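S.K.: If you read the sequences in order, they're chains B and P. Heads up: the first sequence is residues 54 to 630, going by the working numbering. Heads up: the second sequence is residues 54 to 630, going by the working numbering.
To be clear, the hints were calculated from the coordinates, so they are not data collected in a lab. Being a predicted model, the structure only gives us computed values, none of them experimental.
Copies of the same chain look alike in the list, so a pair counts if it works inside one copy or between any two.
Here are the simulated BS3-like pairs of lysine-lysine, each with C-alpha atoms no more than 27 Å apart in a straight line: (1) Lys549 with Lys311; (2) Lys424 with Lys311; (3) Lys316 with Lys424.
Here is what each chain is made of, one letter per residue.
Number of protein chains: 2
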Amino acid sequence: MTMIRAEIRTGAYYDSAFLMQLQRSMAGLPGVQDAGVVMGTESNKEILAHIDLLPAEARAAKPDDLVVVVRADDAASAEAALGQLEELLTRKKSRIEQEYRPQSVETAAQMLPEAEWVLVSVAGRYAAGVARNALRLNKHVFLFSDNVSVEEEIELKKISSEKGLLVMGPDCGTAIIRGIGLGFANKVRLGPIGVVAAAGTGLQQVSSRIHQLGSGITYGIGTGGRDLSEKIGAVTFRQGLELLSRDQETKVIVMVSKPPAPKVAEEVLRAARQAGKPVVVNFIGRTRGTKQLDNLYFATSLDDAARLAVELAAAPEVKKGSADAGRKLERFAPGQRYLRGLFSGGTLAYEAQYILQDYLPQVYANAPLNKENKLPNSLVSQAHSIVDLGEDEFTVGRLHPMMDNEMRIRRLMEEAADPQVAVIMLDVVIGYGSHPDPASELAPAIEKAKKLAQKNGRYLEVVAVVTGTDEDPQNLENQIQQLKAEGVWVETSNDKMVRYAGEILRALDQPTGGQLPEGWKQVSLPSLQRPTAGINVGLESFAENLAAQAATVIQVDWRPPAGGNERLMAILARMKK
Amino acid sequence: MTMIRAEIRTGAYYDSAFLMQLQRSMAGLPGVQDAGVVMGTESNKEILAHIDLLPAEARAAKPDDLVVVVRADDAASAEAALGQLEELLTRKKSRIEQEYRPQSVETAAQMLPEAEWVLVSVAGRYAAGVARNALRLNKHVFLFSDNVSVEEEIELKKISSEKGLLVMGPDCGTAIIRGIGLGFANKVRLGPIGVVAAAGTGLQQVSSRIHQLGSGITYGIGTGGRDLSEKIGAVTFRQGLELLSRDQETKVIVMVSKPPAPKVAEEVLRAARQAGKPVVVNFIGRTRGTKQLDNLYFATSLDDAARLAVELAAAPEVKKGSADAGRKLERFAPGQRYLRGLFSGGTLAYEAQYILQDYLPQVYANAPLNKENKLPNSLVSQAHSIVDLGEDEFTVGRLHPMMDNEMRIRRLMEEAADPQVAVIMLDVVIGYGSHPDPASELAPAIEKAKKLAQKNGRYLEVVAVVTGTDEDPQNLENQIQQLKAEGVWVETSNDKMVRYAGEILRALDQPTGGQLPEGWKQVSLPSLQRPTAGINVGLESFAENLAAQAATVIQVDWRPPAGGNERLMAILARMKK
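Please build the complete structure, drawing on both the sequences and the hints.
M.R.: Below, the structure is given as structure tokens:
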């Protein structure tokens with residue numbers, strides 16, 4: 054008859070590699086069918102219950118308790134197996150040759166002063182403390198541990214950005230520093246591509262595919278999956294992007310992440326545009342309507358990102374948008390920077406907002422893409438605004454703006470009077486049903502608007518899409534010519550018209566200053582270029598891997614401070630500050 | 054001194070074209086600087102206030118009141134202008150030649166029995182009633198009016214789908230029926246492309262661009278902007294798609310909309326895949342990671358949609374996915390249809406879910422793309438599921454699944470025992486840090502799983518992505534060969550592996566039955582092919598436009614039923630049912 058027996062050891066700490074070895078040893082003992090060896094967290098107990106390895110006596114185990122369960126052929130075998138536990142617990146062995154094992158990061162740093170890196174993979178609740186120590190010693194941190202709080206991550210990254218150090222993680226699986234992998238990493242040849250990734254296996258897939266395609270990478274900077282959340286604000290990601298921009302050996306940059314917080318994505322993309330080299334973007338699931346924007350190239354999958362990067366690395370000229378030459382920004386007065394779109398067509402207004410995401414951080418609208426961008430008052434524009442004059446609030450008992458230009462002309466004059474307005478965007482939709490000759494009313498109004506701006510020392514760019522055909526009653530060409538005569542930039546494609554305006558607006562809206570926010574220090578490139586040397590705290594296999602890659606490494610014989618006693622730990626931490 | 058004077062006429066009804074004419078006439082009178090003539094809704098009063106045309110006496114006006122305001126040089130001019138109001142109000146004139154003007158849709162239908170269409174552009178609160186009448190008379194409805202309630206739209210579309218009639222709208226701007234435009238429409242030549250659009254100016258931009266590129270359209274079916282919301286469920290859109298699939302002259306279909314409700318988008322795309330001809334999709338702002346899926350082609354802008362459609366119309370062969378030949382669906386037992394993905398890499402699991410959106414309506418996960426797809430219990434799969442075994446709930450005090458295969462192998466055997474499972478998806482991530490030879494443990498487990506399925510008369514497809522390089526300690530090729538020896542479909546690109554599985558799963562998951570939901574009647578193609586004849590209720594310019602296009606039209610001299618008295622209207626409506 055099958056017997057299940059469990060033993061609980063209170064307050065014991067063992068790392069997870071050791072627990073796996075122990076479980077395998079127990080499962081291999083005579084008469085044992087299955088064994089479970091885990092720390093007694095809720096989720097671990099659920100897993101044990103699911104595989105029928107949670108007897109009543111194990112149910113009360115706490116997260117700090119070691120739970121050992123065996124299912125055996127009979128009671129004697131079960132007892133015998135648990136009887137061996139003590140011996141197995143002391144039989145821990147290591148494959149690292151190291152004469153003396155320091156017990157703290159501080160001592161390790163004295164033993165190996167050239168170490169630029171501290172690798173941390175201890176249990177989550179201890180990890181921030183170790184990382185803080187490492188930063189105090191001016192080391193970059195590879196923080197593999199998960200279950201680290203957001204507040205701790207914020208604190209660590211505030212310190213690291215001010216000191217010009219990297220905190221990769223928490224929950225960072227992968228990094229590659231000039232051919233040497235930290236954590237989980239593939240052996241990828243050195244080459245011209247730098248990767249920054251908030252996605253561990255994303256970085257592995259992209260770097261492996263780059264290698265398979267015959268190219269290689271300079272750095273693979275992991276950031277941890279939470280780095281591009283609004284709370285963290287992409288600290289490590291932006292540091293990585295900036296250092297890859299500066300690194301002469303990196304010809305192409307690849308950015309990989311699950312969809313970032315929209316605001317953060319916008320900031321990162323703006324920074325990427327200043328990189329001065331091609332940047333391939335794969336924010337999985339957050340695709341763009343366009344494949345390329347200046348130096349940014351949008352990939353559709355990890356695989357596609359690798360392929361694009363390899364292609365670009367072979368011919369890394371940064372292509373410029375075609376509208377570049379025609380911008381003539383000097384025509385605008387200082388302070389002119391905003392767009393005002395006055396549409397009669399709802400879909401055209403909607404598509405315009407969608408495309409403008411590629412150029413501007415925020416565009417308000419009365420019918421916005423998302424609620425945050427809703428104009429408080431449809432009658433009053435603010436910053437960049439797109440107004441659909443065909444929306445219900447304008448059309449109750451009133452003719453549609455495609456039939457009646459009056460509302461739009463009134464609004465056009467209001468916008469032209471605003472000294473911050475640089476570009477006015479219009480759609481002219483002709484065809485049956487529409488006004489018999491809209492340009493005949495709009496063109497004189499545009500002339501007036503442009504003159505008003507000119508009188509005040511400004512230049513007003515007016516752009517328009519004319520939608521229609523040569524067989525329409527109004528005649529497409531005739532409408533276009535009337536508008537062009539007043540200096541309007543006219544397209545028949547809404548896409549093209551919006552992108553033309555987008556280029557101008559983005560140029561007027563360029564951020565000043567460097568790529569890094571104020572108060573941040575650049576990460577020192579030489580600190581990354583020296584032969585990799587590291588201090589490993591936690592999983593010994595990470596030290597073994599560094600040794601296997603001919604990197605220098607020292608393993609810390611780490612135990613929780615104050616024997617894992619939380620109150621004592623807090624006191625110790627305060628004393629160090 | 055400038056004087057502002059207003060006059061209010063209670064309970065008067067005038068259409069918006071007439072109001073515009075009246076406003077222009079007033080503004081042209083001697084001494085008048087500006088004039089406003091609107092129905093007294095809140096938004097109209099706001100607009101008047103914004104342009105300084107809302108004196109105190111006009112503030113109390115109600116939505117049913119006609120508000121006439123003039124700003125004049127002096128009191129005498131203002132009074133004189135308002136004095137002419139009565140005469141101007143009666144001077145309404147028409148450009149339509151029509152001997153007798155019926156006062157109801159019923160009478161009009163008797164006068165012009167060949168009319169298949171009723172065009173409705175009366176004020177929103179009356180529009181549903183007119184449309185209901187038209188459906189009762191078995192007419193298609195072009196419903197231009199906005200401000201129609203969702204409940205009314207649901208009711209109208211229930212009737213129309215059961216009768217095989219189209220209700221285009223409410224708030225439908227545009228339709229083109231074999232060269233004849235209803236509402237706002239461009240003159241577009243006849244050609245091989247059919248368009249269905251929940252976007253008025255979207256349809257105009259796409260059809261105009263198609264014309265400009267030298268091609269043309271069969272039908273442009275407008276649906277109204279709300280049709281693809283979850284409440285309406287794409288009734289008209291699906292009717293349009295189905296009739297374009299059936300129409301022999303339509304070689305390529307274009308679908309245009311703002312982003313639909315995700316569920317509705319999924320239904321529409323599934324229906325589109327059964328169209329048997331290429332379908333170009335532009336759900337503005339809802340882009341896909343792929344450019345093509347079988348017969349679906351995803352466009353990045355309205356302009357791009359037109360270009361793609363014209364190209365495809367020149368060579369309309371429906372391309373098939375490359376995995377098509379290798380599917381061998383007959384190997385699976387009836388009932389086998391689900392995917393179970395067991396990942397060690399979080400980003401790979403995430404990308405897999407993202408790509409599977411192209412193939413499956415819903416995939417559950419412990420780390421899902423969005424909350425609705427969250428697995429209630431990470432330990433138990435359901436339907437299509439993707440489990441990331443590297444998530445926190447699996448890794449507290451436990452080795453990462455890239456180091457330790459035990460959890461995954463246990464789970465693999467559980468999934469293999471489920472008779473509904475058809476495909477198991479794995480990632481094998483090698484490199485430093487990972488298990489020294491994962492395939493040596495996974496391959497025997499896969500063999501066992503496949504045999505278990507076989508013993509029970511089933512076939513189990515196992516697919517895997519192996520991420521790594523030829524220089525990794527485990528060696529990429531060696532891992533691949535061990536897996537292939539057990540019949541695993543192996544790729545080094547996650548994208549390719551997922552798409553291979555997606556093709557199989559989609560084929561197993563094919564809906565049975567036709568393109569239309571049960572209880573719906575097909576729209577009669579002959580009813581659309583006969584020369585267009587229509588009954589117009591509302592804006593006379595729509596009747597004028599039909600006449601200008603040599604279509605037969607009859608204008609109804611419409612007045613609100615029961616003089617606009619809401620209670621009487623409700624009684625009348627009940628009597629007709």
